[in-house]
Amino acid sequence: MTTSTSPGQQLPLAISADDERVIVTFHGVLYSSMALALEEQLQDPRLSGSREWLFDMGAVERIDLVCAYALLRVAGAAAAPSVRVTHANRRVERTLHHAGLHAVATFDA
1 MTTSTSPGQQ
11 LPLAISADDE
21 RVIVTFHGVL
31 YSSMALALEE
41 QLQDPRLSGS
51 REWLFDMGAV
61 ERIDLVCAYA
71 LLRVAGAAAA
81 PSVRVTHANR
91 RVERTLHHAG
101 LHAVATFDA
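Residue numbers are given in the UniProt record's numbering: position 47 of the sequence shown equals residue 47, and the series is strictly consecutive.
Honestly, the hints are just simulated from the structure, not real lab data.
Possibly wrong hints are sitting among the right ones.
Okay, the calculated beta carbon distance ranges per label pair [what the hints assert, rightly or not]: (1) Arg94 with Asp19: 29 to 39 Å; (2) His102 with Glu61: 32 to 42 Å; (3) Gln10 with Arg46: 30 to 40 Å; (4) Pro45 with Arg90: 27 to 37 Å.
Note that beta-carbon positions come from the ideal geometry of N, C-alpha and C, so glycine has one too.
Throw the hints in and build the complete structure from the sequences for me.
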């Protein structure tokens with residue numbers, strides 16, 4: 001399964017998935033106005049059943065704290081798989097840590 005955005009929404013992400021892993025590749029700036037659509041996109045039933053989610057933040061310039069909390073809510077859900085954040089720049093990683101994502105996800109350098 002590969003999807004980028006739902007009609008009418010311009011989320012700066014691409015999702016690819018197989019039975020074992022979901023890779024979410026983010027890019028650009030994640031604004032607070034995108035938080036709800038982001039949560040809905042990541043709670044798509046087609047993504048359930050994967051054992052690992054990889055959030056690739058290599059192309060993210062900035063993430064709003066509201067979007068970081070949205071990622072925390074999705075990653076901290078009871079049935080959520082393990083989550084790994086990779087390639088986040090220092091500013092993005094600091095925002096994700098401030099939101100508390102480090103409590104439910106691992107961070108790669």
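We went through each hint and held it up to the structure:
In this structure, arginine 94 and aspartate 19 meet the distance hint of 29 to 39 Å, their C-beta atoms being roughly 34 Å apart. For the pair histidine 102 and glutamate 61, the supplied restraint of 32 to 42 Å is violated, since their beta-carbon distance comes to about 21 Å. For the hinted restraint 30 to 40 Å between glutamine 10 and arginine 46, the CB-CB distance of approximately 20 Å leaves it violated. Between proline 45 and arginine 90 the CB atoms are about 35 Å apart, so this pair conforms to the stated range of 27 to 37 Å.
Figure legend: structure checked against the earlier numbered hints; hints not met, in rising order: 2 and 3.
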